[in-house]
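Asks: Based on these hints, arrange chain B on the given structure of chain A.
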Amino acid sequence: MNVIEASGLGKRYGSTWALRECTLAIPAGHVAALVGPNGAGKTTLLNLAVGLAAPTAGSVTVLGGRPAGSPAALDGIAFVAQDAPLYKNLSAADMLHLTRNLNRRFDQRYAQARLGELGVPLKQKAGQLSGGQQAQLALTLALARRPRLLVLDEPMAMLDPLARHDFMATVMAAVAGDGVSVVLSSHVLAELERVADYLILLSRGSVQVAGEVDDLLACHRVLTGPAAEAARCAERLCVVHARRGGAQAHLLVRTNGTTDPVPSRWEAHPVSLEELTLAYLREPGAAALPGPARAGDAKPAEVN
Amino acid sequence: MTIDKPVNGAASGGAGASPPGAHGGGDRGTPPPGSASPIEFRLDHASGVPTYLQLVQQVEHALRLGYLTPGDQLPKVRDVVASLAINPNTVLKAYRELDTKGLAAGRPGQGTFVRATLSQVALPELAGLRRSLLGWLADADAAGLDGDGIVAVFASVLREFRDRRGGSGDRRGAAGGETKGVA
Numbered sequence: 273m274n275v276i277e278a279s280g281l282g283k284r285y286g287s288t289w290a291l292r293e294c295t296l297a298i299p300a301g302h303v304a305a306l307v308g309p310n311g312a313g314k315t316t317l318l319n320l321a322v323g324l325a326a327p328t329a330g331s332v333t334v335l336g337g338r339p340a341g342s343p344a345a346l347d348g349i350a351f352v353a354q355d356a357p358l359y360k361n362l363s364a365a366d367m368l369h370l371t372r373n374l375n376r377r378f379d380q381r382y383a384q385a386r387l388g389e390l391g392v393p394l395k396q397k398a399g400q401l402s403g404g405q406q407a408q409l410a411l412t413l414a415l416a417r418r419p420r421l422l423v424l425d426e427p428m429a430m431l432d433p434l435a436r437h438d439f440m441a442t443v444m445a446a447v448a449g450d451g452v453s454v455v456l457s458s459h460v461l462a463e464l465e466r467v468a469d470y471l472i473l474l475s476r477g478s479v480q481v482a483g484e485v486d487d488l489l490a491c492h493r494v495l496t497g498p499a500a501e502a503a504r505c506a507e508r509l510c511v512v513h514a515r516r517g518g519a520q521a522h523l524l525v526r527t528n529g530t531t532d533p534v535p536s537r538w539e540a541h542p543v544s545l546e547e548l549t550l551a552y553l554r555e556p557g558a559a560a561l562p563g564p565a566r567a568g569d570a571k572p573a574e575v576n
Numbered sequence: 427m428t429i430d431k432p433v434n435g436a437a438s439g440g441a442g443a444s445p446p447g448a449h450g451g452g453d454r455g456t457p458p459p460g461s462a463s464p465i466e467f468r469l470d471h472a473s474g475v476p477t478y479l480q481l482v483q484q485v486e487h488a489l490r491l492g493y494l495t496p497g498d499q500l501p502k503v504r505d506v507v508a509s510l511a512i513n514p515n516t517v518l519k520a521y522r523e524l525d526t527k528g529l530a531a532g533r534p535g536q537g538t539f540v541r542a543t544l545s546q547v548a549l550p551e552l553a554g555l556r557r558s559l560l561g562w563l564a565d566a567d568a569a570g571l572d573g574d575g576i577v578a579v580f581a582s583v584l585r586e587f588r589d590r591r592g593g594s595g596d597r598r599g600a601a602g603g604e605t606k607g608v609a
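Those protein sequences? They're chains A and B, same order as listed. For any residue, its number in the numbering used here is found by taking its place in the first sequence, counting from 1, and adding 272. For any residue, its number in the numbering used here is found by taking its place in the second sequence, counting from 1, and adding 426.
One chain only, chain A, in its complex shape (with noise of 0.2 Å):
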């Protein structure tokens, strides 16, 4: 099952399209993290997955084609949008009160347990709530409605390190727990290391790598030799990004297979998802899309 599923999706804002011709396939059971530079579609996306904007062309359905913003389709995702939107003169009790009756099903047990367990007082205003508490807070009101997709846009851009961590403790703990599939939006790439199993790059609104992190690694590694063979090199091989010092080369090349050979006087070395990403990003012409799991896959991936 595809959690989200989008074929030409696109989104114009006036004259300008926010996201175009993006074709994708999420699949369930995994941290998806959604990756690009200010401005790539991020948070578009994310608004027509959830059914908070209507897409100018193309479609989008989740948990298994249902449209997107429909009635099915809300009952299964919860979403946080950024800055952890509550309503900010309501105490963290009164936010409980009010989530608990707009939603047909809430787990009022696992979100005061929950809260009592971070410390969130009950009583004190929304605003007045540290910044990891009130991510907490909305982060806790999301997964009490047990959703099977949890979408995050950038929820730690305003979090401190150890705010971080434990609300990324408390998704991977939902995770592990009642196998919420997650997708969600973040600049901090280092971080998403830890916790993302797949990996959407957004460029210029439309989708430039997008795969398991494990095979994305794998495809590719970086060649380290003489810059004057650089050039040569590059010839035959898919070189994705390459830094060149007056002598040495650095090249981050896409392979086939594991068992490419390694040009002679060259040095292979793996990855790291940082440094992939970070590649891909400086070079928005390249791009590595899977050819299978694409929309429409017909794998029944039983991931769960």
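Source of the hints: derived by calculation from the structure; they are not laboratory data. Backbone N, C-alpha and C fix where the C-beta goes; we use that ideal spot for every residue, glycine too. Among these hints, one or two may not hold up.
[To be verified] A partial selection of chain B residues facing chain A, derived with a Cβ cut-off under 7 Å:
1. Leu479
2. Val503
3. Arg504
4. Val507
5. Ala508
6. Ala511
7. Asn513
8. Pro514
9. Asn515
Replies: Here is chain B on its own, set in the frame of chain A:
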């Protein structure tokens, strides 16, 4: 530090039900509440070693030093995830790897348990070996070798020793790196 872990065959009855102190002894202290495993994982983000491999290596290390013995429970996926904020699939991958290596096995509904040991010698013997190594270390120190020098000498002699035996050293040790044995 001393390794005086009691042989804990009874732990297979379910670590959650084991009496307090069943995992105790030595300098390991009382496990934190909710944790049924004798070990806790940590992560070194700067090491460049993939996260799942760090978990695998820490289990192997604990097995070599006797912190873990057959029947012991590995930390529950949920607990690891909550304390390290990492993807549960990463923990599952590490546990699968340990399963493949024959070191641990999952029990449905209970968790993952240690199945084999990596310490090739019994604990009293290991204590004797440590004592004799301490004697050698004192000599090396007296001769003016610093820590790095000692590790270098040890690693090089170990390599020589293995070469002479025709490379029939322990294959599992390859994942641990040379310096693990002297920690």
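Asks: Would the hint on B:Leu479 be counted as holding, given a Cβ-Cβ threshold of 7 Å to chain A?
Replies: 11 Å, violated
Asks: Does B:Ala508 meet its interface restraint, that is, does its C-beta lie within less than 7 Å of any C-beta in chain A?
Replies: With Cβ-Cβ at 5 Å, under 7 Å, it holds.
Asks: Is the interface hint satisfied for B:Pro514? The criterion is a beta-carbon contact with chain A at less than 7 Å.
Replies: Hint holds; B:Pro514 Cβ to chain A Cβ min 4 Å, cut 7 Å.
Asks: Does the interface hint hold: is B:Arg504 within less than 7 Å of chain A, judged Cβ to Cβ?
Replies: 5 Å, holds
Asks: Under the criterion of a CB-CB separation shorter than 7 Å, is B:Ala511 in contact with chain A as hinted?
Replies: Holds, because the Cβ-Cβ distance from B:Ala511 to chain A comes to roughly 4 Å (cut-off 7 Å).
Asks: Hold the hint about B:Val503 up to the distance rule: shortest CB distance to chain A must be less than 7 Å.
Replies: Status holds, d = 5 Å.
Asks: Is the interface hint for B:Asn515 satisfied, with its Cβ closer than 7 Å to some Cβ of chain A?
Replies: 5 Å, holds
Asks: Hint B:Asn513 vs chain A: min CB-CB distance below 7 Å?
Replies: Status holds, d = 5 Å.
Asks: So, as I understand it, the hint says B:Val507 touches chain A; can you test that by seeing if any CB pair is closer than 7 Å?
Replies: With a minimum Cβ separation of about 4 Å from chain A (threshold 7 Å), the hint on B:Val507 holds.
Hint compliance for this structure: hint 1 is the single one not met.
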